[in-house]
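Number of protein chains: 4
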Amino acid sequence: MIITLIKGVDTQKLALFTGWLESKSIGVHVSESNGQAVLGLIGDTEALDTELIRGLDIVESVTRVSETFKCVNRRFHPDDTVIDVGGVKIGHGHFCVIAGPCSVESEEQIMSVARAVKAAGAHMLRGGAFKPRTSPYDFQGLKDEGIRLLLKARRETGLPVVTEIMSIADLPLFEDVDVLQVGARNMQNFDLLKALGQTRKPILLKRGLANTLKELLMSAEYIMASGNENVILCERGIRTYSDYMRNTLDLSAVPMLHELSHLPVVVDPSHATGIARMVPPMTLASVACGCDGLEIEVHNDPPRALSDAKQQLTPEEFAALMQRINVVREAVQ
Amino acid sequence: MIITLIKGVDTQKLALFTGWLESKSIGVHVSESNGQAVLGLIGDTEALDTELIRGLDIVESVTRVSETFKCVNRRFHPDDTVIDVGGVKIGHGHFCVIAGPCSVESEEQIMSVARAVKAAGAHMLRGGAFKPRTSPYDFQGLKDEGIRLLLKARRETGLPVVTEIMSIADLPLFEDVDVLQVGARNMQNFDLLKALGQTRKPILLKRGLANTLKELLMSAEYIMASGNENVILCERGIRTYSDYMRNTLDLSAVPMLHELSHLPVVVDPSHATGIARMVPPMTLASVACGCDGLEIEVHNDPPRALSDAKQQLTPEEFAALMQRINVVREAVQ
Amino acid sequence: MIITLIKGVDTQKLALFTGWLESKSIGVHVSESNGQAVLGLIGDTEALDTELIRGLDIVESVTRVSETFKCVNRRFHPDDTVIDVGGVKIGHGHFCVIAGPCSVESEEQIMSVARAVKAAGAHMLRGGAFKPRTSPYDFQGLKDEGIRLLLKARRETGLPVVTEIMSIADLPLFEDVDVLQVGARNMQNFDLLKALGQTRKPILLKRGLANTLKELLMSAEYIMASGNENVILCERGIRTYSDYMRNTLDLSAVPMLHELSHLPVVVDPSHATGIARMVPPMTLASVACGCDGLEIEVHNDPPRALSDAKQQLTPEEFAALMQRINVVREAVQ
Amino acid sequence: MIITLIKGVDTQKLALFTGWLESKSIGVHVSESNGQAVLGLIGDTEALDTELIRGLDIVESVTRVSETFKCVNRRFHPDDTVIDVGGVKIGHGHFCVIAGPCSVESEEQIMSVARAVKAAGAHMLRGGAFKPRTSPYDFQGLKDEGIRLLLKARRETGLPVVTEIMSIADLPLFEDVDVLQVGARNMQNFDLLKALGQTRKPILLKRGLANTLKELLMSAEYIMASGNENVILCERGIRTYSDYMRNTLDLSAVPMLHELSHLPVVVDPSHATGIARMVPPMTLASVACGCDGLEIEVHNDPPRALSDAKQQLTPEEFAALMQRINVVREAVQ
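Protein chains in written order, with the numbering used here: chain P, 1 to 333; chain F, 1 to 333; chain A, 1 to 333; chain H, 1 to 333.
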């Protein structure tokens, strides 16, 4: 149920009202839009008397919502969410480019890439420390050492760091990490989502390989319903029968997610295409249809990368792309 | 086999050489790139002596190609193809917006829409006369009367017309039509493709619902191998499990088709999304990743349209979108 | 609208009633179930007065149907349809195995295979004369000569013949063919379907590569609404991301099509898997879930076949499989 | 690398040889086929001198394998694996039916169902205690209480129990559970797979919603490479655009997995179809194509089930199906 209150509502009356709702085991999610408070009610709202609530002097309108997602729903929270990551903002016009190597491989490598992407204008640094690999015999990441190196790169460049978490047991290692990424394969690892919901860390939630937008939003709902509102959605390509590309980038997800939800949406063109020379056109397309940010893989020496060698840009290619991103952003504003 | 000749090749020697090849039942496709002639050889080239050809004084280099597509292949024809439709060009920087209703419904309707899209800057007029419908009980189009109305709209506005052909038997009715469209469901109707290959009409070939890029190119190859080089490729969304949208627009097809082939590539965001308000962002994304044109549905009264009511823009929405298309085109040039 | 009449309805009254309906431009499809006539009404039945019809003394019950498919619908025609192909029956317990080579290649080949599959117990002979091939450079079939050879094989073995038609223009060549096959790529070639609807030939309609069951049934509806009730549905695998197999055989289509429609359903395990050694297990699975027949590729010398070499059984493998088919059929009856 | 030893190999020489291999950090997987020992070598075998090994008097043949999966590979382990679950065997002709409710809901419910499926001939009892649900607001299972009830049902009926584990943290609760199920959504939760690899519990590994057979086998490889050889593979339907059914049951996975791997393969027709009346035909089809077992949902009162109400059989339907399973098993043996 969504309750829009009158403008300039009396805060005391509002507190009384939300207290009454909570006494009935109804969760209340308060947001504001155009100077009006909007209450999103979560729980068993069947028993509430709509007419009675509509009659209250602080209430402007009441709408019953049958949609299965609530916290993530734009109807519950009409304004765009802006997430603040150590001073870097994302959402509602704040555009954020996350760049860095697929995997952290060595101190020299991550430092070199971090400096390069910083110089080119990136806002955050990515790098995989724990790597989900289809084969148990492939490089699994530097793990805690990888996180240590990322944090060192942050100290030098000032860029907040984004890295993937695969297991609840590893959470303590991520204490100083700025954004925790949930990979496509873990999008419906519900226990991990609940655990992340109990932190206040920004979560970058990637869409699963064959998941619908509704399922992506329900996974975000798992995090938010556990108390963490800092969720960034990420489209990274879905699995189809299309040839030549690793995945099929579903860009129409960007405007549709913006319509359904208030959360920021970023695009990862590197995993979506799997081919470095396809990254620039798909990056510009992502910007043109309104994404709030990008996650782009950059490596100092792509052919020698320990994972995803074919899809990583060189620092020079990334710097050139950043120029073009800015031009397209201005064009679509 | 691809043979690149030296710059400023002697035309008499060239004629002798191609004559010799043709005497061996080898088809020769001549194109030019950077002032050098490039010969694409089609047929049983196994028996040709590569070393002997490489030794000729008019030959710069010889490459054996094992790829299954030939005429459509950029390696056979390094420069972009430009197709001229009654003075309107498409390809290699010539950008072309095709707009109009899903179906031609009445004289008043098509005239009104034609004037509106012309005023907004469209380059060609689309309108379905023969309509492929999943159900035999749905509106099947005005047929020959629809074509007559399209031609009338062309006379008044000067816009070349694009309309779908479903059957070889209807070919005589399309004699004055400028561009013949092959719909997604007929992409592998090989007899139709061969028949269209025997005309010299520009063909707008839409990608099938679940077809790969290779299959799309092989269908273009059917048309070209039959003698018609005027093929425009069209990405219009593929069928996946993605929810909310009618199809999944596979925009990475645009740069990949450009890499594989010299043919122009247009995008149809209307059929891809099936939702009018998703058309603008996906249009801009298409432009940003380098498409050569667009096919956009515009109707004077969308809610009363006889087909695809939900996906057609109003003339006003289309005019506003044309402005934004031009801004993004400039940004990505 | 579906009208079930009383048992032993007076035929004169029935004729009066159907004449009245037809005078209102309502098509009437009469079938019988358990000794009761069932009328399926097609056309604009909105204007009919349900209460008035229900009140007629020859009427037992009236049901409004909103489903989009009518002629194919089991609700319109509760009993299984049995199709008679020159004395060979299919449907409602009549099981039919169609076997033969992918393509007719020579007189010797088709005669040899025809004799072998006949000896093994096949009921009909298949063989492609017109071949839909992704590449224009691949073998396109022997065409009219292929049909002549098939008919010769029929004369010798007595097996009715099944072969694919790709174009309306070829219809005269198929005059003596017993069953006309519509391939997966032409499942939504609506003009072809309408033309076939004007014949009385049994049509074997293959499901398209990415088509839903509803779309398959709507394509059958095109044939039936044009007047031809002899439609056999065929599941032959759909395109997915599954590896190792050419297509994904969607066997649950068999019981679901039986629930939705009264038409017979056959399975083509050869095209579905693309691998000869996978044909026996998938054949037995098809039988176990209730298919009415099978289409299996058999070649006298698979490795030298001009098309689909990897998926064709030898005559010996086919004979062994026929034994197993019979055992499983008995087990599931 | 695969090394086949001579028949009747001297055990002392064999021990010397495997000791030498292990001293070079090569893992050795010993299996037996037709009285001959087969060694599967895992690790960096590049450095081994094939000719030298081939020359040893205990060696019959040496094959280099480039396939990415090793422990699961039939080439490493030519004979079918048989897994023993508290006396109930599965694989190599030992057929195993796992039946029970989607979720454990109450003592009365699980006891009633357990007795019924035992009486009908089921070999193991399934029941979800921890439930992965798309929505955080749906019933999440009785958790530890659910496991307690399952174990109580085992004590009464003697049926080993199968239940899903979603999180490593829950492992201690599963100490007495017989078979741990990994659900489709966790098929690539690699940390969970590694943790299960460190137990010796039989693992029922379900194929992910959009995962290939190769990925399923690589996930089994994660478990086996960690030391646990007791893996049962499960096909449960993949996500496609097919309508009417919840998923598309990919039955050709059964014979293909048997070709690629020595592990037993079971089919879950309940989740694959999502419709109770489709379970019997798809069950029989699964048996006919050679599965080693089935997982079938049975509920004492399906319409009131707390999850998956539409797909659960009644005890009576299950008992009737068991009869038919046995008849088809005999037919295909």
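These are computed hints drawn from the structure, not numbers from a lab.
Quick caveat: nothing in here was measured; it's all calculated off a predicted structure.
For each residue, glycine too, the CB sits at the ideal point set by N, CA and C.
Treat the hints loosely; a few may be bogus.
[Unchecked claim] Derived CB-CB ranges, DEER-like:
id	chain 1	residue 1	chain 2	residue 2	range
1	F	K214	A	E316	11 to 21 Å
2	A	K24	F	A169	24 to 34 Å
3	P	K152	H	P303	56 to 66 Å
4	A	K310	F	R277	45 to 55 Å
5	F	T314	A	D44	28 to 38 Å
6	F	D80	H	Q198	57 to 67 Å
7	F	D80	A	S106	43 to 53 Å
8	P	Q333	F	D80	47 to 57 Å
9	H	T11	P	K152	29 to 39 Å
10	P	K152	H	L151	43 to 53 Å
11	F	A169	P	P303	54 to 64 Å
12	H	P303	P	E259	29 to 39 Å
[What the hints assert, rightly or not] Pairs of lysine to any residue residues, derived as SDA-like cross-links and limited to a Cα-Cα distance of at most 25 Å, are as follows:
id	chain 1	residue 1	chain 2	residue 2
13	P	K214	F	Y241
14	A	K89	A	D57
15	F	K118	F	R133
16	A	K310	H	K194
17	A	K194	F	P160
18	P	K143	H	D44
19	A	K214	P	S135
20	P	K310	P	A320
21	H	K201	P	P315
22	F	K310	A	G227
23	H	K194	P	P132
24	F	K143	A	G227
[Said to hold, decoys possible] If you want the ones that stay clear, here's a sample from chain A, every Cβ over 10 Å from chain P, calculated:
id	residue
25	A15
26	L16
27	I42
28	M111
29	T240
30	A276
31	A309
32	E317
33	A320
To see whether the hints hold, each was checked on the structure:
1. K214 of chain F and E316 of chain A have their C-beta atoms about 36 Å apart, which leaves the hinted 11 to 21 Å range violated.
2. A C-beta distance of roughly 33 Å is found between K24 of chain A and A169 of chain F, which places it inside the suggested range of 24 to 34 Å.
3. One distance hint, 56 to 66 Å for the beta-carbon pair K152 of chain P and P303 of chain H, holds here, with the actual separation near 60 Å.
4. Taken as a hint, the range 45 to 55 Å holds for the pair K310 of chain A and R277 of chain F, whose Cβ atoms sit roughly 48 Å apart.
5. With their beta carbons about 30 Å apart, T314 of chain F and D44 of chain A fall inside the hinted range of 28 to 38 Å.
6. Look at D80 of chain F against Q198 of chain H: about 58 Å separates their beta carbons, and that is inside 57 to 67 Å.
7. D80 of chain F and S106 of chain A have their C-beta atoms about 45 Å apart, which keeps the hinted 43 to 53 Å range intact.
8. Taking the beta carbon of each, Q333 of chain P and D80 of chain F are about 31 Å apart, not inside 47 to 57 Å as hinted.
9. In this structure the supplied range 29 to 39 Å is violated for T11 of chain H paired with K152 of chain P, their Cβ-Cβ distance being about 54 Å.
10. At roughly 50 Å, the beta carbons of K152 of chain P and L151 of chain H sit within the given window of 43 to 53 Å.
11. For the hinted restraint 54 to 64 Å between A169 of chain F and P303 of chain P, the CB-CB distance of approximately 55 Å keeps it satisfied.
12. P303 of chain H and E259 of chain P have their C-beta atoms about 36 Å apart, which keeps the hinted 29 to 39 Å range intact.
13. The suggested pairing of K214 of chain P with Y241 of chain F holds, with an alpha-carbon distance near 11 Å, which does not exceed 25 Å.
14. With a C-alpha separation of about 37 Å, the suggested pair K89 of chain A and D57 of chain A falls outside the 25 Å cut-off, and the hint is violated.
15. Note on K118 of chain F and R133 of chain F: the hinted pairing is violated, with a Cα-Cα distance of about 28 Å set against a maximum of 25 Å.
16. Note on K310 of chain A and K194 of chain H: the hinted pairing is violated, with a Cα-Cα distance of about 38 Å set against a maximum of 25 Å.
17. Proximity of K194 of chain A to P160 of chain F is assessed by CA-CA distance (about 31 Å); at most 25 Å being required, the pair is judged violated.
18. For the suggested pair K143 of chain P and D44 of chain H, the alpha carbons sit about 23 Å apart, so the restraint of at most 25 Å is met.
19. Of the supplied pair hints, the one linking K214 of chain A and S135 of chain P is violated, its CA atoms being roughly 39 Å apart against a limit of 25 Å.
20. Distance hint between K310 of chain P and A320 of chain P is fulfilled; the C-alpha atoms sit about 18 Å from each other, no more than 25 Å.
21. Of the pairs offered as hints, the one joining K201 of chain H and P315 of chain P is violated, with about 48 Å between alpha carbons and a cut-off of 25 Å exceeded.
22. Annotation: proposed proximity of K310 of chain F to G227 of chain A is violated, straight-line Cα distance about 33 Å (limit 25 Å).
23. For the hint linking K194 of chain H to P132 of chain P, the alpha-carbon distance of about 12 Å falls within 25 Å, and the restraint holds.
24. A C-alpha spacing of about 22 Å is found between K143 of chain F and G227 of chain A, which places the hinted pair at or below 25 Å, so the restraint holds.
25. No Cβ of chain P approaches the Cβ of A15 of chain A within 10 Å, the least distance being about 51 Å, so the stated non-interface status holds.
26. The non-interface label for L16 of chain A is consistent with chain P: the shortest C-beta to C-beta separation is roughly 50 Å, beyond 10 Å.
27. A cut-off of 10 Å between C-beta atoms confirms that I42 of chain A is not in contact with chain P; the least separation is 36 Å.
28. Once the 10 Å rule is applied to beta carbons, M111 of chain A is consistent with being away from chain P; the minimum gap is 39 Å.
29. Annotated as non-interface, T240 of chain A brings its C-beta within 10 Å of a C-beta of chain P; the closest such distance is 7 Å.
30. The Cβ of A276 of chain A sits about 23 Å from the closest Cβ of chain P, beyond the 10 Å cut-off, so the non-interface label holds.
31. The non-interface label for A309 of chain A is consistent with chain P: the shortest C-beta to C-beta separation is roughly 22 Å, beyond 10 Å.
32. With a minimum CB-CB distance of about 30 Å to chain P, E317 of chain A clears the 10 Å threshold, and the non-interface call stands.
33. For A320 of chain A, the shortest C-beta to C-beta distance to chain P comes to about 34 Å, beyond the 10 Å cut-off, and the non-interface label holds.
Hint compliance for this structure: hints 1, 8, 9, 14, 15, 16, 17, 19, 21, 22 and 29 are broken, all remaining hints hold.
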